[in-house]
Amino acid sequence: MCPTGTALRPRDAAKPSRLKPAFDVIDADRDGKISRDDLRAFYAGRRASEDDDDVIGTMISVADFNKDGYVEYDEFERVLDLEYGKANSKSKSNGGGGLMEDVFKVMDKDGDGRLSHDDLKSYMKCAGFAATDDDIKAMIRLGGGDETDGVSFDGLLKILAVDTVA
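Numbering follows my numbering, in which position 158 of the sequence shown is assigned residue number 138; successive positions increment by one, without gaps.
The set of hints was computed from the structure by calculation and includes no laboratory data. There's no promise every hint is true.
Unchecked claim - Here are the computed lysine to aspartate or glutamate pairs in the DMTMM-like style, where the Cα-Cα straight-line distance is at most 25 Å:
id	residue 1	residue 2
1	Lys89	Asp48
2	Lys47	Asp134
3	Lys101	Asp113
4	Lys85	Asp126
5	Lys101	Asp17
6	Lys85	Asp134
7	Lys47	Asp33
8	Lys101	Asp48
9	Lys13	Asp32
10	Lys101	Asp126
11	Lys105	Asp92
12	Lys47	Asp4
13	Lys85	Asp129
14	Lys105	Asp11
15	Lys89	Asp114
16	Lys138	Glu52
17	Lys101	Asp44
18	Lys89	Asp32
19	Lys85	Asp4
20	Lys85	Asp9
21	Lys138	Asp33
22	Lys105	Asp48
23	Lys117	Glu127
Said to hold, decoys possible - Now the in silico label distances, taken between C-beta atoms and shown as ranges:
id	residue 1	residue 2	range
24	Asp92	Ala118	15 to 23 Å
25	Asp129	Asp48	36 to 44 Å
26	Ser102	Glu81	12 to 20 Å
27	Asp113	Asp54	21 to 29 Å
28	Lys85	Asp33	17 to 25 Å
29	Leu122	Asp33	18 to 26 Å
30	Arg121	Asp54	17 to 25 Å
31	Arg10	Asp82	15 to 23 Å
32	Ser41	Arg121	16 to 24 Å
33	Lys0	Gly49	17 to 25 Å
Every residue gets a Cβ at the ideal spot worked out from N, C-alpha and C, and that includes glycine.
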């Protein structure tokens, strides 16, 4: 039971885990839950700030419905479902995207609004995923991009299989 009085919905084992790839990117130590250390590792590629620990603590507490100090997959899925509900009710030009937009910004090292081959390769290495150049090229193609321009935010959602737009 959550503090709000609502229970987390159990995930149907037969239902594919469409957000699992995104969860796995953040779960650096692969223990099945996102900890403060996982989030610190995830955000390590961006400029560090004195407020990082406070921001990370807030992120955990907002998503940690059972208040055990970690974000398990069901909690992660619930937060992203809420974020997507908000994002889908807004036009892309008005913002939205929530957590996944933050993921994109962390991965977009040069800040050009596109994930290049180098951006993806660098992030995959930092996150501890072994990815060859061919793997990165395939990811870019999967996201609807090309070697020259890379992929957009929507492309990242396709790569992570969290594209919710029909």
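Tell me if the straight-line CA distance from Lys105 to Asp11 falls inside 25 Å.
holds (19 Å)
Is the straight-line distance between the alpha-carbon of Lys105 and that of Asp48 25 Å or less?
Roughly 30 Å separates the two Cα atoms, so the pair is violated.
Given pair status - Asp134, Lys85, alpha carbons within 25 Å
holds (13 Å)
Quickly compare the C-alpha distance for Lys138 and Glu52 to 25 Å and report which way the hint goes.
holds (22 Å)
Take a look at whether the Cβ-Cβ distance between Lys85 and Asp33 falls inside 17 to 25 Å.
Cβ of Lys85 to Cβ of Asp33: about 19 Å, so the range 17 to 25 Å holds.
Can the restraint linking Lys85 and Asp4 be considered satisfied, given a maximum Cα separation of 25 Å?
holds (17 Å)
Has the given pair, Lys13 with Asp32, been kept, meaning a C-alpha gap of at most 25 Å?
holds (20 Å)
Restraint check for Lys101 with Asp126, where alpha carbons must lie at most 25 Å apart
holds (15 Å)
Between Lys101 and Asp44, does the CA-CA distance stay at or below 25 Å?
Measuring from Cα to Cα gives roughly 30 Å; hence the hint is violated.
Holds or violated: Lys117 with Glu127, Cα cutoff 25 Å?
holds (7 Å)
For a C-alpha distance cap of 25 Å, please report whether Lys85 and Asp129 respect it.
Holds, at about 16 Å.
Holds or violated: 36 to 44 Å for the Cβ distance of Asp129 and Asp48?
holds (42 Å)
In terms of the numbered hints stated before, the structure departs from hints 1, 2, 8, 17, 21, 22, 27, 29, 30 and 32, listed from lowest to highest.
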